[in-house]
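Q: Its first residue numbered 63, the sequence shown is counted upward by one per residue in our numbering.
Heads up, some of the hints might be wrong.
[What the hints assert, rightly or not] EDC-like cross-link-like pairs, simulated, lysine to aspartate or glutamate; straight-line CA separation at most 20 angstroms:
1) K165 x D190
2) K85 x E64
3) K153 x D126
4) K149 x E187
5) K149 x D183
6) K94 x E64
7) K179 x D161
Hints are computed from structural coordinates only; laboratory data are not their basis.
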Amino acid sequence: MEIRPMTIADYDEVFAMWQITSKRALSQADEKSQIERYLLRNNGMSHVAVIDGKIVGTVLAGHDGRRGFIHHMAVLPEYRRRHIGHKLAEKAVEKIAADGIDKTHIFCYQTNEAGQKFWSDFGFEKRDDVFVFSFNNKE
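Please work from the sequences and hints to get the whole structure.
A: So, in structure tokens, the structure goes:
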């Protein structure tokens, strides 16, 4: 398995994988032009896992200058339980920390028990003291 930086050339294959693994979390922010902007702004922080030329996992990672964020960490179902997700998460946190960022956040749906267990086992701590509020700038 190879873990390498994600490029915009990977977009179609990654987006197809997200349709299987992360569909409910996808939005206009995941359109190709938006992902390209994210990759350029957070150069070298997002990665894909590749086996036999096929992308089997991905992680979008970046920061805002204060806090790191992990988005769309996903592994194709038939490749799970091989530590691919763990290696992708390690790479994301490593790259964020290398930029001098001390804390990284992940958003995980309340109904995503497998995701919650994964992030907890990895060492992330679930917070009960904050809520996420979103505002649509285009409305």
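Q: Next step is simple, just say for each hint if it's right about the structure.
A: To see whether the hints hold, each was checked on the structure:
1. K165 x D190: With a Cα-Cα distance of about 17 angstroms, the restraint between K165 and D190 holds, given a limit of 20 angstroms.
2. K85 x E64: violated (25 angstroms)
3. K153 x D126: holds (18 angstroms)
4. K149 x E187: holds (19 angstroms)
5. K149 x D183: holds (13 angstroms)
6. K94 x E64: With Cα atoms ~23 angstroms apart, K94 and E64 exceed 20 angstroms; violated.
7. K179 x D161: violated (27 angstroms)
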